[in-house]
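Chains as they are written, first to last, in the working numbering: chain U, 1 to 311; chain P, 1 to 344.
It is worth saying that the hints were derived from the structure and are not from the lab.
Possibly wrong hints are sitting among the right ones.
Below are the DSSO-like pairs computed for lysine-lysine, each with C-alpha atoms no more than 27 angstroms apart in a straight line [what the hints assert, rightly or not]:
1) Lys267(U) - Lys337(P)
2) Lys107(U) - Lys129(U)
3) Lys114(P) - Lys54(P)
4) Lys3(P) - Lys265(U)
5) Lys123(U) - Lys78(U)
6) Lys140(P) - Lys94(P)
7) Lys266(U) - Lys283(U)
8) Lys81(U) - Lys123(U)
9) Lys141(P) - Lys265(U)
10) Lys336(P) - Lys266(U)
11) Lys93(P) - Lys3(P)
12) Lys36(U) - Lys22(U)
13) Lys93(P) - Lys140(P)
14) Lys199(U) - Lys141(P)
15) Lys127(P) - Lys141(P)
16) Lys267(P) - Lys36(U)
17) Lys267(U) - Lys336(P)
18) Lys133(P) - Lys110(P)
19) Lys250(U) - Lys328(P)
20) Lys127(P) - Lys85(P)
21) Lys141(P) - Lys94(P)
22) Lys141(P) - Lys267(U)
23) Lys94(P) - Lys114(P)
24) Lys10(P) - Lys24(P)
25) Lys336(P) - Lys265(U)
26) Lys266(U) - Lys337(P)
27) Lys267(U) - Lys3(P)
28) Lys266(U) - Lys141(P)
29) Lys267(P) - Lys6(U)
30) Lys265(U) - Lys337(P)
31) Lys267(U) - Lys250(U)
Being a predicted model, the structure only gives us computed values, none of them experimental.
Given next are the chains, with one letter for each unit.
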Amino acid sequence: MPEREKLIEIKDLQITFGSGRKKFVAVDHVNIDIYKGETFSLVGESGSGKTTIGRAITRINPVSAGEILFKGRRISGKISKELDLEVIKKCQMIFQDPMASLNERAKVDYIISEGLINHHLYKDEDDRKRKVEYALREVGLLPEFASRFPHEFSGGQRQRIGIARALIMEPEFVVADEPISALDVSIRAQVLNLLNRLKVSRGLTYLFIAHDLSVVRFISDRIAVIHKGRIVELAEAEELFLHPLHPYTKALLSAVPIPDPEMEKKKQLVVYDPSVHDYSTDKPVWEEILPGHFIYGNKKELEQYRREIQA
Amino acid sequence: MAKEPILSAKDVEIQFSLRGKILKAIRRCSLDLYEGETLAIVGESGSGKSVFTKSFLGMLDANGSITGGTIMYEGTDISKYTAEKDWLTIRGKKISMVMQDPMTSLNPLKKIGKQIQESIELNQGIKGEAARKLAIEMLKKVGIPDAERRANQYPHEFSGGMRQRVVIAIAVACRPQILICDEPTTALDVTIQAQILDLIRALQRELNMTVIYITHDLGVVANVADRVAVMYAGQIVEYGMVNEIFYDAWHPYTWALLSSLPQLGVKGEDLPTIDGTPPNLFYEVKGDAFAPRNQQALAIDFEEEPPFFDVSETHKAKTWYLDPRAPKIEQPASIKKLREQMRK
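Between the sequences and the hints, there should be enough to build the whole structure, so can you do that?
Here you go:
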């Protein structure tokens, strides 16, 4: 495989909240590279730190150790004003709940162009209007919606407004934080299709954050599984589904309901017990067990995983 | 089926008056519920699945009322109940409900034990210490460790999954005959979801309950249901045993629901979507409500409402496709794919 361009590099990332006795380590020792043009998914249960990582990339949460690189340049910690502006433009975020993430008292026109207004990224009023119209069309909404308020829209339409707001900044990298969890089944498919189409037409790279593995399989190129702030396994999407190795990944996979009554009723539920790992003497490492398939474990476990692969 | 239904709703109509206009939320909807079974009701938001089941407990909002049809339960037509006193003989005692969001369905100012105790005192006439003991027993039953201590805590000290267990404990404390679970796991994580579904199943067996699930997650349906009813625009459009719905569906709306699942998607291709929006129920719906969104709709779909046609003894679908006079229409490829998977 030819060397692909790394858009985002996360090195030994640690994020903590609070200080002193109340200090809480939310994310620890996270190493991820996200390549240009791919959809990279982060999967884990609530409280595992997946959103925190997404927010750290968009500079919402400060980083306490390690660094984040965007196109080879450090964007974590103190950076210059110009770079900050570039990150704001190039890294955008789509939020989970379209009911809560739009300003109820602003018109769609303002909501979508707020980023442009804040940073004076338009020539004149006509240019701004044109950009809003273009963004609306691109997400499948009509330009006349610009003069309406968010409460006039359905959940799926609101999520499209959220996507238009991210697109208008012409980003290269989009963090999609559970963009479809709050949506209805019939609308999920529409939003997923839209995200996929934009990926191709705009050359976007996604960090897709989700807790539902079934959706992730359809949309992503690579998947990382995160548990309690640590990435425990990372692999290509199909590889992860066919050969899950880490017990937590297996538990997560078994918990996903399959829409097939025969298979679902035969399914064995795997429960993850973190005490199976004995890391007191034998320290765990982050190892590439197969090309492109990373796993977190100590020597003994890695050997067992290797045996599993051969079997 | 030869068995007698324990609850039988016939041609139920429910209307809401909103800003002087009448909204027909449920349009002549019928449903039979048999003892010990698990029935899942699926449909998109606004299809009326919650409203329909809430009418079994007299929990409609003040501006809504049952305007037609009957709901027969234990020999009486409960749809005619108007006084709160009548409903109290059923709600919580015979039929109870688990709501979607465990964050908002508990009282944040009361201790957990007290909240369960309250339900027992109100519905079973057991008072004081005895009720408290029973409450702690219920907590143990729903799998909360260290129940004595936990009973003295407040809801904010519980996680989402634990709170949902408490809500279930309150609902089943009086050993209801029918338990209605309104999206019990949508607000929860997948791992927790699996545990809660297992818990409900275990309780169902132990207390011999009949369970109605309301959900839009077809994965959950496949996991729990014996029978499935698909709802669209205030009507049940298809119902049958779970395998019949998943592998041999006939209503175009059921097809659309099943094929838009990301699990069946092929990478790099668009997922099939359901275009358009559900009909506005402020107006009279003419013909098949799904016809405007159905690309293969027949001419008659726009004219006349289809009756139910039998697919099998237990499986009925409300679509003109099954009329012998209709042109031959094939099930879409994704439905056939599901059926082939089963044969393997």
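Could you work out which of the previously given hints the structure breaks and list their numbers from low to high? Going through the list in order, the structure violates hints 5, 7, 12, 14, 19, 27 and respects the others.
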